[in-house]
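2 protein chains.
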Amino acid sequence: MSAIKEIKRDELDTTEFINERAKEISDLVGDGCAINALSGGVDSSAVTMLGHKALGDRLKTYFIDNGIMREGEPKKIESIFKKLGVKIKILNAQDKFFNAFKGITDPEEKREAVTQTFYKDVFGDLVKESNAKYLLQGTILTDVDETVAGIKRQHNVFEQLGIDPQKAFGYKIIEPLIQLRKDGVRKIAEAVGLPESIYNRPPFPGPALAARVVGEVTREKISIVRKATIVVEEELSSINAFQCMAILHNDRVTGMRDGKRDFGLQIEVRCWDSIDARKATPTKLPHELLTKLADRMCSEVPGVVSVTYNIASKPPSTMEVV
Amino acid sequence: MSAIKEIKRDELDTTEFINERAKEISDLVGDGCAINALSGGVDSSAVTMLGHKALGDRLKTYFIDNGIMREGEPKKIESIFKKLGVKIKILNAQDKFFNAFKGITDPEEKREAVTQTFYKDVFGDLVKESNAKYLLQGTILTDVDETVAGIKRQHNVFEQLGIDPQKAFGYKIIEPLIQLRKDGVRKIAEAVGLPESIYNRPPFPGPALAARVVGEVTREKISIVRKATIVVEEELSSINAFQCMAILHNDRVTGMRDGKRDFGLQIEVRCWDSIDARKATPTKLPHELLTKLADRMCSEVPGVVSVTYNIASKPPSTMEVV
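Chains as they are written, first to last, in numbering that gives the first Met the number 0: chain A, 0 to 321; chain B, 0 to 321.
Extracted from the complex, chain A is given alone in its bound form (with noise of 0.2 Å):
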């Protein structure tokens, strides 16, 4: 599908993967500065490790708390890189970020609308005020191989779509883990001295929670669907699924509160099992523990009336509903 050489995560030696990626990553960047974006996720968290093995200080890291996190993440990432020794700078961007959204309803473009105000807003500025001419970027195989096919539009996919970053937005991209799928970037991610909660942790998409919002995002939706995502990760983290979610549906259904029509909300979970991210079914969740996070839902996350499990497979469906 594309001309990028795969490796297969049993084929993959850590430490001279390692060691190539950190060599480029010099040997590029010469005696300049990078910059990097931390997600917090494993693909960005892994590049983080190689950029600071390669560059030290001059690597600068930013974690952009772009308002449409999970509760808590910007302290907890940077509570975590701390303790290995590497300083993350949080740049509130959260106003930028919602002012794009405002209007858009097509996944297409509201993940155009996160591509355009991280990279040309947001990131654009850092860079100038940093000097750096290259950006540290975790795309992998599998971004690549969706954003080529047209089945998706994945935030950090230029080149292949025939998009200068130099040209577009001011500087060049590097990508250490383009040839690896997400097995083999959490084997790197292990290898580079990440904690287990990075280095095994579930896929969380580019666009966040706005990626979770069916229809337009707001500062209020997402508000709701990060209540019911803390919901979805508490009772489904012992699960070790590929990657769980709770989806905040547009549809307004019809339910009942004290005895009184109510025209509310609805929750959909998915929970998905996986090796690669290619193709993916639906965790068989014992019925007891979906019943008990449709009644947390019904409870902790305001205006739910409605919750659904999603039963389809990928594909027809894809793991994201955006």
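Just so you know, these hints were derived from the structure itself, not from any lab. Computed from a predicted model, the values in this text were never measured in an experiment. Treat each hint with caution, since some may be false.
What the hints assert, rightly or not - In silico DSSO-like cross-links for lysine-lysine, where the CA-CA straight-line distance does not exceed 30 Å: (1) Lys283/A / Lys259/B; (2) Lys171/A / Lys186/A; (3) Lys278/A / Lys283/B; (4) Lys283/A / Lys226/B; (5) Lys259/A / Lys278/B; (6) Lys119/B / Lys75/B; (7) Lys283/B / Lys226/A; (8) Lys166/B / Lys259/A; (9) Lys4/A / Lys166/A; (10) Lys127/A / Lys166/A; (11) Lys119/A / Lys259/B; (12) Lys291/B / Lys291/A; (13) Lys88/B / Lys101/A; (14) Lys88/A / Lys186/A; (15) Lys101/B / Lys119/B; (16) Lys186/B / Lys283/A; (17) Lys259/A / Lys119/B; (18) Lys101/B / Lys86/B; (19) Lys101/B / Lys101/A; (20) Lys278/B / Lys291/A; (21) Lys186/B / Lys82/B; (22) Lys278/A / Lys291/B.
Chain A is already provided as a structure; the job is to place chain B on it using the hints.
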């Protein structure tokens, strides 16, 4: 909740009930004639048989083909009643109903559109032509409770809302089943000679498939949810659930077909365990069956890329989504 005296199933003497109700109908209508609409559900079927017992050919029974029925429904019901010696007239009123649905998305307005079209535009004309002064109707006690409580506007409850059908529509309404709940009606339906396919038939809402479409109701959406309903009823008939249904959502979700992105449809399946519809819990269907349902929906219902199963209880959910 209401002034109507409930008759519970286990205190219900079917012979006595049938004779008393038939006599009441006969006394009220005298030597005039009455009219009723048969939907094919257990309530209107039982009323048709009671009315036929009381009035013979002076009860004119119409089956209104509103375009929002299940596949093959009019012919199926006509055939069942023909065997019982009851002649049904089928009236095609599809255009009137679909015109009434245009631009309407709110559940209450949808139900109101069905009510108004049914009683004013379609049934009003029939009553005038027939010179009938009485309308027999299958209202049951749960309909009254839910309407009075403001949970849902049932399509057949007027008096309890302070609406005089004589003034509003030009006829009087006789409701022989109003002291019963669903389980009592089934006992009566069996006793009046209806086949098991009717007396054990799962409930189907007054607004029919229009209640199974979130958002605006169109011919196209009804056609899609009708196909999904076939799948649900074929796969779940042996489960003997209280009620099961397929719901077409208005939200579009990302999926993939033939390796390409497809912004497709989502079907929600609900299957309920309940005694009397006042409270209900989702049936704990085997995961293999859920997978089969999802696979069939994605392959047999055009445009579907995502399928969910309801896991919330009533309350705070309701049985129907609309």
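Status of the hints after comparison with the structure:
1. Lys283/A / Lys259/B: 27 Å, holds
2. Lys171/A / Lys186/A: 26 Å, holds
3. Lys278/A / Lys283/B: 26 Å, holds
4. Lys283/A / Lys226/B: At roughly 26 Å apart (the allowed maximum being 30 Å), Lys226/B and Lys283/A satisfy the hint.
5. Lys259/A / Lys278/B: Holds, because 14 Å separates the two Cα atoms, which is no more than 30 Å.
6. Lys119/B / Lys75/B: It holds: about 26 Å lies between the C-alpha atoms, which stays within 30 Å.
7. Lys283/B / Lys226/A: 26 Å, holds
8. Lys166/B / Lys259/A: Holds: Lys166/B and Lys259/A sit about 29 Å apart, inside 30 Å.
9. Lys4/A / Lys166/A: 26 Å, holds
10. Lys127/A / Lys166/A: OK: Lys127/A and Lys166/A at ~14 Å, within 30 Å.
11. Lys119/A / Lys259/B: Roughly 28 Å between the alpha carbons, so the hint for Lys119/A and Lys259/B holds.
12. Lys291/B / Lys291/A: 24 Å, holds
13. Lys88/B / Lys101/A: 53 Å, violated
14. Lys88/A / Lys186/A: 26 Å, holds
15. Lys101/B / Lys119/B: Distance ~17 Å between Lys101/B and Lys119/B Cα, so the pair holds.
16. Lys186/B / Lys283/A: With a Cα-Cα distance of about 38 Å, the restraint between Lys186/B and Lys283/A is violated, given a limit of 30 Å.
17. Lys259/A / Lys119/B: 28 Å, holds
18. Lys101/B / Lys86/B: Distance ~33 Å between Lys101/B and Lys86/B Cα, so the pair is violated.
19. Lys101/B / Lys101/A: 28 Å, holds
20. Lys278/B / Lys291/A: Since the Cα atoms of Lys278/B and Lys291/A sit roughly 17 Å apart, the hinted pair holds (cutoff 30 Å).
21. Lys186/B / Lys82/B: 20 Å, holds
22. Lys278/A / Lys291/B: Roughly 17 Å separates the two Cα atoms, so the pair holds.
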